[in-house]
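For the protein sequence lines, the chains are A and B, in the order given.
Each residue of the first sequence is one higher than the last, beginning at 1 in this note's numbering.
Each residue of the second sequence is one higher than the last, beginning at 116 in this note's numbering.
The hints are simulated quantities; they were obtained by calculation from the structure and are not laboratory data.
Careful, some of the hints might be misleading.
25 Å max Cα-Cα, derived SDA-like pairs, lysine to any residue [stated by the list, open to error]:
| no. | chain 1 | residue 1 | chain 2 | residue 2 |
| --- | --- | --- | --- | --- |
| 1 | B | Lys132 | B | Lys218 |
| 2 | B | Lys218 | A | Met19 |
| 3 | B | Lys186 | A | Thr103 |
| 4 | B | Lys172 | A | Met19 |
| 5 | B | Lys218 | A | Asn1 |
| 6 | B | Lys186 | A | Thr86 |
| 7 | B | Lys218 | A | Gly51 |
| 8 | A | Lys9 | B | Thr155 |
| 9 | A | Lys9 | B | Ser202 |
| 10 | B | Lys218 | A | Glu72 |
| 11 | B | Lys186 | A | Glu72 |
| 12 | B | Lys218 | B | Ser200 |
| 13 | B | Lys186 | A | Pro61 |
| 14 | A | Lys14 | A | Glu30 |
| 15 | B | Lys218 | A | Pro61 |
| 16 | A | Lys9 | B | Lys218 |
| 17 | B | Lys186 | A | Met41 |
| 18 | B | Lys186 | A | Thr113 |
| 19 | B | Lys132 | A | Thr103 |
| 20 | B | Lys186 | A | Met19 |
| 21 | A | Lys9 | B | Ala201 |
| 22 | B | Lys186 | B | Thr155 |
| 23 | A | Lys9 | A | Glu72 |
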Amino acid sequence: NAGVTQTPKFQVLKTGQSMTLQCAQDMNHEYMSWYRQDPGMGLRLIHYSVGAGITDQGEVPNGYNVSRSTTEDFPLRLLSAAPSQTSVYFCASSYSGTSGADTQYFGPGTRLTVL
Amino acid sequence: KNQVEQSPQSLIILEGKNCTLQCNYTVSPFSNLRWYKQDTGRGPVSLTIMTFSENTKSNGRYTATLDADTKQSSLHITASQLSDSASYICVVSYGNNRLAFGKGNQVVVIP
Numbered sequence: 001n002a003g004v005t006q007t008p009k010f011q012v013l014k015t016g017q018s019m020t021l022q023c024a025q026d027m028n029h030e031y032m033s034w035y036r037q038d039p040g041m042g043l044r045l046i047h048y049s050v051g052a053g054i055t056d057q058g059e060v061p062n063g064y065n066v067s068r069s070t071t072e073d074f075p076l077r078l079l080s081a082a083p084s085q086t087s088v089y090f091c092a093s094s095y096s097g098t099s100g101a102d103t104q105y106f107g108p109g110t111r112l113t114v115l
Numbered sequence: 116k117n118q119v120e121q122s123p124q125s126l127i128i129l130e131g132k133n134c135t136l137q138c139n140y141t142v143s144p145f146s147n148l149r150w151y152k153q154d155t156g157r158g159p160v161s162l163t164i165m166t167f168s169e170n171t172k173s174n175g176r177y178t179a180t181l182d183a184d185t186k187q188s189s190l191h192i193t194a195s196q197l198s199d200s201a202s203y204i205c206v207v208s209y210g211n212n213r214l215a216f217g218k219g220n221q222v223v224v225i226p
């Protein structure tokens, strides 16, 4: 049981490049989400999904796209990277949404730098 | 604007001593309150989750309290260990799958 996995661990991009951050979970969780964590700020929700085929925007969705074609995978796409997207990105999953009392499991994070 | 405020921002404690971290929130409608531990360079790990009707919950040496009337929570660490050095994040769930994150309490345990 690997839990929540994220790849890559580190990435450097140039402004304007695009890329996909991968996230997968093997716990059969319906709810998955992406966060970014910046120094001096709390985690902020980018996008989330309550099940395969269903996604919704979080607090800071601009510049990011997501899709959920399977229960296991929830990739995050940066369309045209900007320096303001330099951050640490965390993927998380749980059986149900965060309104319930299910434990939310976080991945190890992807550290992204945009030059 | 929904907010979660944590205090102190950082503290240093001696190994074996106790400490208490504070979390005040203004979010509504309240669903639950979570405390996470985040080691440097790692993702957050859940410590406790409390719903409106719960006022205390323990996880080993960690004990969280919740006063939903005053919108305050605390996390007490008993007999601290070097491995307790981390950031402790208070998170309040509200509305429909919305989360408000505090900025964290940075704890450093020294021998």
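Consistency of the hints with the structure:
1. Lys132(B) x Lys218(B): Given pair Lys132(B), Lys218(B) holds - Cα atoms ~24 Å apart, limit 25 Å.
2. Lys218(B) x Met19(A): Outside the cut-off at roughly 28 Å; violated.
3. Lys186(B) x Thr103(A): holds (22 Å)
4. Lys172(B) x Met19(A): violated (41 Å)
5. Lys218(B) x Asn1(A): violated (30 Å)
6. Lys186(B) x Thr86(A): Judged against 25 Å, a Cα distance of about 34 Å means the pair is violated.
7. Lys218(B) x Gly51(A): Given pair Lys218(B), Gly51(A) is violated - Cα atoms ~29 Å apart, limit 25 Å.
8. Lys9(A) x Thr155(B): Judged against 25 Å, a Cα distance of about 14 Å means the pair holds.
9. Lys9(A) x Ser202(B): holds (20 Å)
10. Lys218(B) x Glu72(A): violated (29 Å)
11. Lys186(B) x Glu72(A): violated (36 Å)
12. Lys218(B) x Ser200(B): Cα-Cα ~16 Å, so holds.
13. Lys186(B) x Pro61(A): violated (29 Å)
14. Lys14(A) x Glu30(A): With a Cα-Cα distance of about 34 Å, the restraint between Lys14(A) and Glu30(A) is violated, given a limit of 25 Å.
15. Lys218(B) x Pro61(A): Measuring from Cα to Cα gives roughly 20 Å; hence the hint holds.
16. Lys9(A) x Lys218(B): Answer holds: Lys9(A) to Lys218(B) is near 23 Å, not above 25 Å.
17. Lys186(B) x Met41(A): holds (21 Å)
18. Lys186(B) x Thr113(A): Distance of about 37 Å is beyond 25 Å: violated.
19. Lys132(B) x Thr103(A): violated (28 Å)
20. Lys186(B) x Met19(A): violated (41 Å)
21. Lys9(A) x Ala201(B): holds (20 Å)
22. Lys186(B) x Thr155(B): violated (29 Å)
23. Lys9(A) x Glu72(A): holds (19 Å)
Hint compliance for this structure: hints 2, 4, 5, 6, 7, 10, 11, 13, 14, 18, 19, 20 and 22 are broken, all remaining hints hold.
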